Amino acid sequence: MARSSSMSAVAHFGVGRVARVRMAIVVVLLALWEAVAMSGWLFRDVVPRLEKIGRALVTLLAKPDLYANLGATASEVGVSIVIGGIAGVAVGLLLGGNRTLGKAFEPYLHYLGPTPKIIFFPIMIMWFGVGGGSKIAMGAISCFFPMAISTAVGMREIDAVLVRVGKSFRAGVGQMVTKIYLPAMRPAMLTGLRLGLGVAIIGVLLAETKLSNRGLGYMVIQSYTRFDIAEMYALLIVVFLLAIAANALVSRLGALRRGGA
Amino acid sequence: MTTRRDTGTTWGPIGLGLATLVGVFAAVEAMIRVGWINGFIVPLPSAVLLSFERIIVEEGVLRRFLFTAAEALAAGTLVAVCGTSLGVLLYRRQILRLACENWVAALAAAPLVLIYPLFLVIFGRNALTIVMIGFLSGLPPAILKTVEGLSSTRRVLIDVGRSFNLSPSQQFRKILFPAALPTIFVGLRLGLMFALINIVGVEFLINFGGLGQFVNELAERYDLPAMYAAIFFVILVSVGFFLLTERIERWLGRVR
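These protein sequence lines map, in sequence, to chains E and C.
Going by this note's numbering, the first residue of the first sequence is number 1, and it counts up by one from there.
Going by this note's numbering, the first residue of the second sequence is number 1001, and it counts up by one from there.
Just chain C, with the same shape it has in the complex (with noise of 0.2 Å):
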């Protein structure tokens, strides 16, 4: 419950922070200006902000965006169907579980982006190259979040699945998934969050595909504003996606 005081109590904070955000722009533009910070390295603050309008008429962020978003919804469908596929695998052999869960954390471990090079050789310089290197940086959470959701379900809820004679089918369907659900949901969005970052970052150093090879065009054309206004936009998809699923997540806790 949020009392009028709280609100006040939150309100103060956030206007310091966006205050202090203003204020560095501010500052910066001012040493711009006054030749302390060299112009040829970082970019007027106005400036990139009024390359916004440029990026998002001329240069088509919205079209790359879309392309991006595509590739991660490619990629995101790849780790919900196989991570919690892998996952209740896993969950259903326990012999499985024991042989390969460490290895599947050891894989959450390793850099796999490092391997977009190989993609390249055996898919081309392609969009499937980028969602294969983002399912595959998404698949070891959801994985291992899958399991333990199951793991983790309630001994009584199964139990009552049992006394209502429920086949197994029906157990996993009505109890075990839905208590689950929660726990995998924190496992996909990891995975998401994981794709979405590699995708990105593959668009960057092959050139191809959304915002990320968008970015890499602006550095390589030197158009210092446009380039700074491309990752803002970047931290914005960021920032959106993160706070979008963040929600769902607090809702799933909820209906809980």
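Here chain E stands alone, though its shape is the one from the complex (with noise of 0.2 Å):
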């Protein structure tokens, strides 16, 4: 619905107007920019020119060490949102299929949540070590809470007559959760999957910017090391553009589920 009354309103203003009033300020904002690295009011190089900018994400693109960092970071993310997700899965289905266990142990989902989770990383270290197993111990515990989550409160919605289905046909455990729970729980599960994505990259890049020796994040702070602030710049890009793209494409795939239902 707030879809539909958003591209009506796009279509009252018309998209040509909405795509320059964006150009609009694209343009003021890279001319801010670029007004302020030439004014010297900061510290040379904190705000490098444009064009700095530019070259450094150009050199950055053409290097390999920055596609072998990126793929540790997203071999890492990876495994940290199969283990946390399937553990959250597991979770959330015991949680929200049995009223006494959802009262009793969902409150600590809760209140966990929201605690930041790096605290956890030296924990992490001594269990896993300084490679990459704490990492991903950091991207599994932060996906884990919004994955169990999302389970446990999908699983409560499910339809009650497609459980009465289920059972009349005598479905035994395992076909009522292959046939109707994860199939009835699937939109919650898919934002618990873009919730836990989101949080699970911010997890292993903050771990890695502790300690590492490889990945985005260890890029980030090696740059800062060295003091390469066009560098650091470039690589944030990368690094926003590429979370931004995983957590739209995510989105994308929950809409074209939503869609093909």
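These are calculated hints, taken from the structure and not from any lab test.
None of these values were measured; they are calculated from a predicted model.
What the simulated footprint calls covered on chain E by chain C, stretch by stretch (three residues with Cβ under 8 Å from a Cβ of chain C suffice, anywhere in the stretch; the number is not a length): (1) 19-26; (2) 201-208; (3) 236-248.
Ideal placement from N, C-alpha and C gives every residue a C-beta, glycine not left out.
Could you fit the two chains together into a complex? Lean on the hints.
The following block contains the structure:
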């Protein structure tokens, strides 16, 4: 509904006018940036000229180093989502399917969910070492909570008729999960996955900035250490665009599924 | 309405949850004592419990909590003022909203906290860097929810305001803002939560400030029981903050 009202508003103003306003905002922001860079108000190189950032971005994209580190971060995020996601779905199914267990343990999920997970990093280092294991663990615990909470909520919102239909066909536990629960909970689980993906990326990247020798977070902190600010901006642009693209991809997947359902 | 029967059915699961928690701690204590879990990696839960006194009396955890709370308050104030103002601006200027709302939503999905090395360069290794990171990360939900709250004000309320010939500012103060307040608060709550998470996180990463730095310091000292106690303390602060803001949110929902 919000989408349709937004589309009608776009139709009212005209796509061209909205695009022109966007263009104007971008031009003003870039001009402001360039003015600050040339003004000398901040320390030299803290706000580099746009041309310098552009060159750093091109150089960065041509470096094989970037892709090796991107691969390391992507694999850590991927594995952490698989581990945290599966654990989250299992716990969510258990708590959402049993009222007593839900009332007993779900409050802890809600309480621990908004806790800054990075403070668990020293524990993860001790348990899983200084390599990729501790980063995967950081991503997994970050991803676990939104997945578990969304799955539990989705499980409780399943239409009782669907459950009765499954039981009337004498479906076993496995069949109920694969044929009734999981398909009915898909929207809630995709929401959990989208939230989980975002926090898993943050968890892994922050852990890499703290203690690592590979990954995009490591590259960012290395450019800070070398005071290569233009490269740091270029890296941040790449990381932000990738994170936004990953998030948009999962959102689009959810929309496609809803459309197809 | 809560009946005696309801209360009875609620206390049972709460007791089960607490009993399980105590049982897990007791099991971990036993496993460490018999040597199944390495005591150099996981400290005895009883030692963690005892070190609470030490972190309060000797390590000044309350002072550090106040430092973090002050940073969160500063970031929260900035989020509230700038987030609501920008939200109102986007609501009032439809063309700006159409042009920028997706960008704000995209920012909410970006790992903004990763910008902290840049802020270290710009602002230095001080509380300003931490506050600015908290502010930045809390801003998108505050803006988006303000726009959503104002846009979803019921048409009939706006028409009532018009029938009383209210000026645009009166319309805003007496109709739009009160009607949107619960939704705006949801955004502020999310924003404050993101701000708090990132503030503690950056304190930990740059080893400066309150509770985050405290955890990092204890980890570097390899004082495991105190480190676990400090982590529990941070969890308690998060839980307290979560419950307080949830209660205010419910109250605002009822007032509406």
